[in-house]
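**Q** As you go down the protein sequences, you meet chains A, B, C and D in turn. According to my numbering, the first sequence holds residues 2 to 247 in order. According to my numbering, the second sequence holds residues 2 to 247 in order. According to my numbering, the third sequence holds residues 2 to 247 in order. According to my numbering, the fourth sequence holds residues 2 to 247 in order.
Hints were generated in silico from the structure; no laboratory data involved. Among the hints, erroneous ones may be present.
Identical chains blur together in the list; that is why a pair holds if it fits in one copy or across any two.
Stated by the list, open to error - List time: in silico DSS-like cross-link candidates among lysine-lysine, alpha-carbon distance up to 30 angstroms: (1) K191 <-> K217; (2) K191 <-> K80; (3) K224 <-> K80; (4) K140 <-> K230; (5) K147 <-> K224; (6) K45 <-> K224; (7) K208 <-> K79; (8) K208 <-> K46; (9) K150 <-> K140; (10) K224 <-> K208; (11) K75 <-> K140; (12) K152 <-> K217; (13) K45 <-> K217; (14) K48 <-> K148; (15) K148 <-> K208.
Number of protein chains: 4
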Amino acid sequence: MLILKIPVFNPKIRDYIYTTTSNMKKILFISLVLFISCAFAPQKKAKVIFFGDSITELGVKPGGYVTKVDSMSKAEGKKDDYDFSGAGVSGNKVYDLYLRLEEDVLNKNPDVVVIYVGVNDVWHKTLLGTGTDADKFEKFYLAILKKLKDKNIKAILVTPAVVGEKKDFSNTLDGDLNKYCNIIRDIAKKNNLPLVDLRQQFLDYYKNNNPNNEEKNILTYDKVHLNAKGNQLVADAMWKAVKGLN
Amino acid sequence: MLILKIPVFNPKIRDYIYTTTSNMKKILFISLVLFISCAFAPQKKAKVIFFGDSITELGVKPGGYVTKVDSMSKAEGKKDDYDFSGAGVSGNKVYDLYLRLEEDVLNKNPDVVVIYVGVNDVWHKTLLGTGTDADKFEKFYLAILKKLKDKNIKAILVTPAVVGEKKDFSNTLDGDLNKYCNIIRDIAKKNNLPLVDLRQQFLDYYKNNNPNNEEKNILTYDKVHLNAKGNQLVADAMWKAVKGLN
Amino acid sequence: MLILKIPVFNPKIRDYIYTTTSNMKKILFISLVLFISCAFAPQKKAKVIFFGDSITELGVKPGGYVTKVDSMSKAEGKKDDYDFSGAGVSGNKVYDLYLRLEEDVLNKNPDVVVIYVGVNDVWHKTLLGTGTDADKFEKFYLAILKKLKDKNIKAILVTPAVVGEKKDFSNTLDGDLNKYCNIIRDIAKKNNLPLVDLRQQFLDYYKNNNPNNEEKNILTYDKVHLNAKGNQLVADAMWKAVKGLN
Amino acid sequence: MLILKIPVFNPKIRDYIYTTTSNMKKILFISLVLFISCAFAPQKKAKVIFFGDSITELGVKPGGYVTKVDSMSKAEGKKDDYDFSGAGVSGNKVYDLYLRLEEDVLNKNPDVVVIYVGVNDVWHKTLLGTGTDADKFEKFYLAILKKLKDKNIKAILVTPAVVGEKKDFSNTLDGDLNKYCNIIRDIAKKNNLPLVDLRQQFLDYYKNNNPNNEEKNILTYDKVHLNAKGNQLVADAMWKAVKGLN
Chain A
2 MLILKIPVFN PKIRDYIYTT TSNMKKILFI SLVLFISCAF APQKKAKVIF
52 FGDSITELGV KPGGYVTKVD SMSKAEGKKD DYDFSGAGVS GNKVYDLYLR
102 LEEDVLNKNP DVVVIYVGVN DVWHKTLLGT GTDADKFEKF YLAILKKLKD
152 KNIKAILVTP AVVGEKKDFS NTLDGDLNKY CNIIRDIAKK NNLPLVDLRQ
202 QFLDYYKNNN PNNEEKNILT YDKVHLNAKG NQLVADAMWK AVKGLN
Chain B
2 MLILKIPVFN PKIRDYIYTT TSNMKKILFI SLVLFISCAF APQKKAKVIF
52 FGDSITELGV KPGGYVTKVD SMSKAEGKKD DYDFSGAGVS GNKVYDLYLR
102 LEEDVLNKNP DVVVIYVGVN DVWHKTLLGT GTDADKFEKF YLAILKKLKD
152 KNIKAILVTP AVVGEKKDFS NTLDGDLNKY CNIIRDIAKK NNLPLVDLRQ
202 QFLDYYKNNN PNNEEKNILT YDKVHLNAKG NQLVADAMWK AVKGLN
Chain C
2 MLILKIPVFN PKIRDYIYTT TSNMKKILFI SLVLFISCAF APQKKAKVIF
52 FGDSITELGV KPGGYVTKVD SMSKAEGKKD DYDFSGAGVS GNKVYDLYLR
102 LEEDVLNKNP DVVVIYVGVN DVWHKTLLGT GTDADKFEKF YLAILKKLKD
152 KNIKAILVTP AVVGEKKDFS NTLDGDLNKY CNIIRDIAKK NNLPLVDLRQ
202 QFLDYYKNNN PNNEEKNILT YDKVHLNAKG NQLVADAMWK AVKGLN
Chain D
2 MLILKIPVFN PKIRDYIYTT TSNMKKILFI SLVLFISCAF APQKKAKVIF
52 FGDSITELGV KPGGYVTKVD SMSKAEGKKD DYDFSGAGVS GNKVYDLYLR
102 LEEDVLNKNP DVVVIYVGVN DVWHKTLLGT GTDADKFEKF YLAILKKLKD
152 KNIKAILVTP AVVGEKKDFS NTLDGDLNKY CNIIRDIAKK NNLPLVDLRQ
202 QFLDYYKNNN PNNEEKNILT YDKVHLNAKG NQLVADAMWK AVKGLN
């Protein structure tokens, strides 16, 4: 905060004029310095944290979607505007994000948090018997959003893309995944929050790019984790969403 | 069985001619009777067994799809052509059908067996942890078909319709159900067997008749078991398939 | 807080003596009142919250274990020492407790929290595919304990008793339940926290009181929820543990 | 099969008598040889098939329990008494055995079938959601036994040993495994069939040989499949049971 010294009046006229002039000069000089500072000095970067599971854990590696977003922002001359980082942990479900929200996200004072979760909540039901009930998924998701809102942190929501890339909805988990995507879409709508609907974008992509109805090797290498094309698609969508924030 | 009396030869020529003529007449008369009998008497009915789970177990009740098929056949004046019965047992999966195939189906010498199974194979995975692996599903399905073929019994294949009636593929089990339907479709195709694709017919129906994306009360009363409209749709499809056999 | 008025010295000796005497009397009187207040007035009750799932939700009903603990404490003349309440929600797993810890427990400023959870973490694996991984179970359990410790709230740990009462370890979930009980026992040991080992107490009880190896109707009415005898056994164990705190 | 040469009749009487005498001698000689052959020549070996899952599939390899049983029988001079073979397929559950019973067992005309199954019926519930319901387990087990009995094939029943070797019943699947072992024990008892109770033998072994409550590397190398000691224990038990048949 700028505290301006108010010039002390001098009863002597000559002194008064002198000091007035002198003080005026000082004020002008300070103003100029301040103006230049504001115009050219580095303004605070927007800190963006991608918060998620193994897809995001891999996203910060070379070629990963977080890395790509960072490169794209720099290529567009915005290296001073954003500070991108990933907080992804393999196997994480929505309640795992909630548990480590404070330590891994809030403590880092982000401006924006991109929540990219859901695959394991669905997948682990059949894989390990430890998925997340739909109602609990929503509850924890909302609890995360509340904590972000309490700190005036902007949230971007993301639908989990795929577990299997077949385009005829015959991937084992398609139904449940669609269901959880609908939950996220509803939350975004009701809370007027930006949504990156990766699920829909992937499905759209498959229509034209998966002629043999393959279950992998289109945008993923293993039905879940992103290959080069997948990382690019996700990076494009994320970068667009981040730039779209006002 | 018809036992023809061979006319006794008479050495006397006159008698011979007489008796011959007389016998000729008898033979002609008998032949005529036989011809008329064959033309108008009841020929053997085609025995059709609907083989499945609780949907078929309920199907033989008043208003059930098997009952409806029977009524429809009679309404079309074909009461002497078909003998319809159900062999449905609640909770049955494909290997349960295989286990009781001999006792409940083969021993009854059917002409046609309509195999309508698959819901529990998918559903019980999450409900009880005791669903059927996709490869085992195919194996047992083929084993049933082989046993039918060995006895020259015609098979009609049916895809399981729904577990949840939402039309946007967001019913939890949609993906896996589609997957198992694809297995059945492939078997039908490869073995050149008639297929009643209930799954597709239900999905088509929902497009125009489930405006609010409800999960039940469209063609089922509980996401799985048929209500009146569901029983009618299934009966129509089944009856068409049975009549289509040559 | 007591603020004693210091008697103003009076230079006049007579007055001094008089006022001194007078003030002395006042002080003595006030002291007496204070003493009586402390001796007879209600001291602050220890607020004890039983924090758990449906077993605790039912525990606050008539005949429930929380109700019984309250009655027992009163019968022992300790109605002024304890304030017992339940914070049980049906279907809760350890992470559900964590999610509502602040609202349902911390905000009520308890002195003691009895954590009684684990059945659903194990059971829901097979029932719904949404149980809790063993490592996550421990993580959330420790996270709850940390938040209690941060507020100087005493914790009492409880092992989940049973899902099925057969005594030969042939209840479907016996193995996994024992595993999760071991996790709780280890946490209690490592953190030097009091443990109510209901699991062990139930098993001990069955040795002599379940001659026909029944799966229910010994201490539960449905393999999980407590019948009258079960509520009494649990109440006895809980009351002993609460009294045992120093 | 014995084919007796009928002596050719000789019309000449002297020759006839001679040859008759001569032929009589031949016949007597042949009869003697045949008698001696029957008494001392190798009698038909008892064909024993071990019918099961991956444990048995591995059992026929060098060091496997089937191989060991074969070696032990030979070491005891019984190489001509038994013909041991394995019919184990990885991942098999009881209904898989039923499906391939005819091809892999009945068609080979065994005298004895050792049924060693159950681990996957329990394990696959949580691993894949495709385990076997307890009632279906019993049903298919009995169906296998019936088919063996119809062909006068002797059956030896075996309880599945372990999924995890901890001795305090805290292996995740201990409860369910015990439950399925009880089903097998009951079947053995009710049908008066020999039982190799590997489960009990393994548990007994752990009491004295698993001091640190390890979950593997005692009799298995991975909680399920047998290491050298495990193969020896199983081989001992199997060999004893086979010899015990009358």
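**Q** For every hint, state whether the structure bears it out.
**A** Results of checking the hints against the structure:
1. Taking identical chains as interchangeable, the C-alpha atoms of K191 and K217 lie at most 30 angstroms apart only when they sit on different chains, with a minimum of 25 angstroms there against 34 angstroms within one chain.
2. Proximity of K191 and K80 under a CA criterion of 30 angstroms is satisfied in neither setting, with 33 angstroms inside one chain copy and 48 angstroms between copies.
3. Taking identical chains as interchangeable, the C-alpha atoms of K224 and K80 are never at most 30 angstroms apart, the minima being 33 angstroms within one chain and 53 angstroms between chains.
4. In this assembly of identical chains, K140 and K230 lie within 30 angstroms of each other by CA distance neither inside one copy nor across copies; the values are 33 angstroms within and 36 angstroms between.
5. Neither within a single protomer nor between protomers do K147 and K224 lie at most 30 angstroms apart by alpha-carbon distance, with minima of 32 angstroms and 34 angstroms respectively.
6. Taking CA atoms no more than 30 angstroms apart as the test, K45 paired with K224 passes in neither setting, with 39 angstroms inside one copy and 54 angstroms between copies.
7. In the homo-oligomer, the alpha carbons of K208 and K79 never lie at most 30 angstroms apart, since the shortest distance is 34 angstroms inside one protomer and 47 angstroms across protomers.
8. For the identical chains of this complex, K208 and K46 are neighbours neither inside a copy (38 angstroms) nor across copies (49 angstroms), given an alpha-carbon limit of 30 angstroms.
9. With identical chains, the CA atoms of K150 and K140 are at most 30 angstroms apart both within one copy (15 angstroms) and between copies (26 angstroms).
10. Within a single copy, K224 and K208 get their C-alpha atoms as close as 16 angstroms, and across copies as close as 29 angstroms, so both meet the 30 angstroms cut-off.
11. Neither within a single protomer nor between protomers do K75 and K140 lie at most 30 angstroms apart by alpha-carbon distance, with minima of 37 angstroms and 39 angstroms respectively.
12. With identical chains, the CA atoms of K152 and K217 are never at most 30 angstroms apart, being 40 angstroms at best within one copy and 42 angstroms at best between copies.
13. In this homomeric assembly, K45 and K217 never come within 30 angstroms of each other (Cα to Cα): the closest approach is 41 angstroms inside a single copy and 53 angstroms across copies.
14. For the homomeric pair K48 and K148, the shortest alpha-carbon distances inside one copy (17 angstroms) and between copies (28 angstroms) are both at most 30 angstroms.
15. Proximity of K148 to K208 under the C-alpha cut-off of 30 angstroms is found in neither arrangement, the shortest distances being 38 angstroms within a copy and 40 angstroms between copies.
When held up to the earlier numbered hints, the structure conflicts with 2, 3, 4, 5, 6, 7, 8, 11, 12, 13 and 15 and fits the remainder.
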